[in-house]
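A.B. asks: Listed below are the residues making up each chain.
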Amino acid sequence: MPKHIVRLIMSLGIVILLVIGSKALFTADSFGVYGHYRANAVPEIASDTPKYKGPDYCQLCHSERHATWSAHRHGKVKCEVCHGPAGEHPATGKLPIPSDTVKLCSTCHEAMPARPAAQPQIVVSQHSGTQACIACHNPHAPRIASSGGSDR
Amino acid sequence: MQELYHVAPYTGYVYPNETVFPWGVLIVIYPYITGLVAGSFTVSTFYHVFGMKRFEPVARFALLTALSFMIFVPTPLLFHLGHPERALNALWTPHLTSAMAAFGYTAGFYILLLMLETGFIFRQHIVARAQATTGVVRGFYRILAFGSDDVSENALAYDRKWIRALALIGMPGAHILHGYAGFVFGSLKAREWWASDLMPAIFLSSAVISGIALLVLLYVAVAKVRKFALDNECMRGLAYTLFGFLIFTLVLELLEFVNLIYKGREGIETVMALIAGPLALGLNIQLVGSVIPLVVLTVMIWRKTQGTPLVVGLTVSAALIMIAVLAMRWNVVIGGQELSKTMKGLLTYHAPIWGREGIVVAASVFIAPFFVLWALTRLFPPWDAGSQRA
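From first to last, the protein sequence lines are chains A and B. Counting in this note's numbering, the first sequence tops out at residue 158, every number present. Counting in this note's numbering, the second sequence tops out at residue 381, every number present.
Chain A with its partners taken away, still in its complex shape (with noise of 0.2 Å):
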């Protein structure tokens, strides 16, 4: 057998030889207590900072917006979900006020076969076009009063 051959066949020996070892020394120690992950990863994930805060966070400050929004029918929709993860603030500076409105509400009210009917929807472009939603609704009380019936 001509010496490369050989000399490949050995290489290719401490390759092999090089990885399983490396297997073992790479492994994480904590690797396998559980199941097929780090166990160490459950604490640390655990112990991360969470950066939405709840409604009962907003209201410390927001006392008045959180009192209109809690009482109507958006009140099942957390502050968070448009004005994004509080996180830090007010440490961190102010949170968004969203301002494409018509872009943000349709994510939700926009008809789609698949949404329940009991959550309203509209065809955007028929409803309204271009126009801002919030130049008839208020975010925090979203129904018309002439429209009817009571918003809650």
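FYI, nobody ran anything at the bench for these hints, they're computed from the structure. The structure presented is a predicted model; accordingly, all values stated were derived computationally and were not measured. Don't be surprised by glycine CBs; every beta carbon is placed ideally from N, CA and C. Careful, some of the hints might be misleading.
With the Cβ distance kept under 8 Å, some of the chain B side facing chain A (calculated, not the full set) [said to hold, decoys possible]: (1) His86; (2) Ala90; (3) Ala146; (4) Lys335; (5) Gly336.
Place chain B on chain A using the hints.
C.D. replies: Frame of chain A; chain B shown alone:
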């Protein structure tokens, strides 16, 4: 709405845990690059395993193309996951309990195989360079030649056996590697747009057409730069192969699509909204980029087109197919995630331009293999046989 992108980029009628869009444009590039490897390697095996002489001019170049792109296959994953210090862990800590971790077996095996195959095919050149050069360059080639300058008939006979054996093993290897990428998507049963047993086969056949298309474009480009004539028989062979695999791909894609709609399982209305909405552009690009080449190739094969018209037709088809396959990767990777898991709404993906997972990084990862390919062709000239024949 745009004010929200930086805090919660993805809004819609969704679960709270869907505000993170885990796989972005980088993961679009990942199966794209993998596919180019599988396709180029397939062309190389036509000559090295099946002995189809007409592919000889591009066979060695195809192998270098496969190697260059293979080196970058793990890169998008690395950018996506971070932790460059764990770059090689995927290769040496694989296990079979997760489709993701099985990547280590397929990729590690395949990179090794491509390097060996390249080494054997260029061994005569390596030995000649080791003898003709001095210093560091000589050392480099000496290592590649395993310190041997044996190019006797006996040694070459061994080389030929290894080349054939490696190409023979490599063929299922290349196809498993890419079938695996399709499997990762197809096996996610919660995603209506992905969960399909046809997914691995679709990924594989579209990979082959994109690889062949890339090879056509590179072959034509290199012939222009190096000023050698394109081999007419080789071009015709590439046209036939492209045509065959293109039909196969389109049939599979159509089957999957019809199947999805005909079964009409829960959430199909949202899938239709996805097709008509955010995915419309991507799907149209995919459709146009597949149908025009199909028509052009059919006409060229019917009319037995030769020479310059063949080159023009094939190059245009190849370019369109490259775009169509990229669009297909986008439609699969992004499309699947744009369906909310509630199946009651759609998410919108906004590809960031900058940043670790942005368009610039993804484009760089795609372009980088071309530079490596250029460097490899300097070290291992693949064109000697081709230019002599021309």
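A.B. asks: I'd like to know which numbered hints this structure contradicts. Please list them from smallest to largest.
C.D. replies: 2
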